[in-house]
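**Q** Chain order of the listed sequences is V and W.
Counted the way this note's numbering counts, the first sequence spans residues 1 to 178.
Counted the way this note's numbering counts, the second sequence spans residues 1 to 138.
Quick caveat, the hints were computed from the structure, so don't treat them as lab data.
Remember, it's a predicted structure, so these values are computed and weren't measured experimentally.
For every residue, glycine included, the Cβ atom is placed at its ideal position computed from N, Cα and C.
A hint or two may mislead.
Straight-line distance between alpha carbons at most 25 Å, and here's what the computed SDA-like set of lysine to any residue pairs gives [said to hold, decoys possible]:
#1 K87/V with G111/W
#2 K26/W with R62/V
#3 K87/V with S30/W
#4 K87/V with M1/W
#5 K134/V with G147/V
#6 K87/V with H115/V
#7 K26/W with L99/V
#8 K87/V with K21/W
#9 K34/V with L99/V
#10 K26/W with G36/V
#11 K102/V with K26/W
Each pair of labels, with its calculated beta carbon distance range [what the hints assert, rightly or not]:
#12 S118/W with A177/V: 41 to 51 Å
#13 K49/W with G65/V: 32 to 42 Å
#14 I70/W with T145/V: 51 to 61 Å
#15 H105/V with G41/W: 55 to 65 Å
#16 R137/W with H115/V: 45 to 55 Å
#17 I70/W with Y97/V: 31 to 41 Å
#18 N91/V with I70/W: 22 to 32 Å
#19 D12/W with E12/V: 28 to 38 Å
#20 K93/W with R62/V: 49 to 59 Å
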Amino acid sequence: MGVVLQHVEALEILLQGLCGVPKQRIRIHELCLKSGPNLGAVASEIRLLCDLEQPEPTWTVRHVGGPMRGAGAEQLAVLVRTMVESKVSKNVLRFFYALGYKLDHELLRVGFGFHFQRGIRITVTVTSVNKMLKLHATDEAVPVTPGIQLVEVSAPASSDTYPEIVAAVSSFCEYLAP
Amino acid sequence: MIRGQQIVLESDSTIQMIMEKLQSYKSWVSLYFEGFQYQLGDFQLKMGKVVPTHSENLRGIVMEVEYLPISSLDKSRQIMEDFLDVWQETVSKRSLPGHFMHIEPNFADYGLSDHYTSQHTAVQYATVMAQLIATVRN
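Excised from the complex, chain V in its bound form (with noise of 0.2 Å):
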């Protein structure tokens, strides 16, 4: 969902309040690969994401499915995707370029995120989502929806889980609702 930048504010004294424990400030510079052609039976899409918050930038690698379709799939008030994720050493950008992937976009998300443990873990993220005007130009962003964050709510889940995260989720989301 979005939020017009005039009520962050609101919003994240709000998370402030439910929570109870301070926000995370986010910078992660996102660049999304995707396989060049004649690679693999099928084109492929990875996601690489470089935390700049840490004194020194970590990186992360992520993988992320379609969302789940079917009859059952469209009851769901959520989008339940499948995730994998691995944390990396810094030549990732290289390593997968060196596998025949070449760079599609990249993003940098600039916001705060909560946690939540209500016997299940929810992420809460309020940022605002900025392209680079120059190849890898984190300091000369601007945003893509200027005016507008994007809030993500998310939760992880196995495919056993899914149903009690998916109700969760959803109950969580009501607290936010303007």
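Take the given structure of chain V and dock chain W to it, following the hints.
**A** Same frame as chain V, but now just chain W:
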């Protein structure tokens, strides 16, 4: 690792699942190294058999030697060579089939320094694997 481009990437074990999901590369050869670890004073030895996954056909025997007090490749070179000489002599007296080969990759080609790390181990195992695959092919 990408041997052709001399890149070593360090990651969590979930990287294997990620590569499978991407489907851009398929597993071609999979070898299983299994054995025991021994401590001999300041030396730590890992000795294991190498078999293709889901098979019992012996492809080779791998021995990993570590001299614990020193992490520098240069400083430990002499003592490692001395250990290997003693080992080769002991093994030759037992008249066992086959012989041990010491293969030293050029770590600098991979951008690795004199200080030994787990990335050095990865390069060594990749080199050993390449040698084992080449031996079978020949």
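**Q** For each hint, tell me whether it holds in the structure or not.
**A** Status of the hints after comparison with the structure:
1. K87/V with G111/W: holds, 20 Å
2. K26/W with R62/V: holds, 19 Å
3. K87/V with S30/W: holds, 23 Å
4. K87/V with M1/W: holds, 15 Å
5. K134/V with G147/V: holds, 22 Å
6. K87/V with H115/V: holds, 20 Å
7. K26/W with L99/V: Status holds; Cα separation ~12 Å.
8. K87/V with K21/W: The hint holds at about 17 Å.
9. K34/V with L99/V: holds, 11 Å
10. K26/W with G36/V: Holds. K26/W to G36/V sits at ~16 Å (cutoff 25 Å).
11. K102/V with K26/W: holds, 19 Å
12. S118/W with A177/V: 41 to 51 Å: About 48 Å separates the Cβ atoms of S118/W and A177/V, which means 41 to 51 Å holds.
13. K49/W with G65/V: 32 to 42 Å: Holds - the Cβ-Cβ distance for K49/W and G65/V, about 37 Å, lies within 32 to 42 Å.
14. I70/W with T145/V: 51 to 61 Å: Check passed, 56 Å falls within 51 to 61 Å.
15. H105/V with G41/W: 55 to 65 Å: Since the Cβ atoms of H105/V and G41/W sit about 56 Å apart, the hinted range of 55 to 65 Å holds.
16. R137/W with H115/V: 45 to 55 Å: holds, 52 Å
17. I70/W with Y97/V: 31 to 41 Å: holds, 36 Å
18. N91/V with I70/W: 22 to 32 Å: holds, 26 Å
19. D12/W with E12/V: 28 to 38 Å: holds, 32 Å
20. K93/W with R62/V: 49 to 59 Å: Holds, at about 55 Å.
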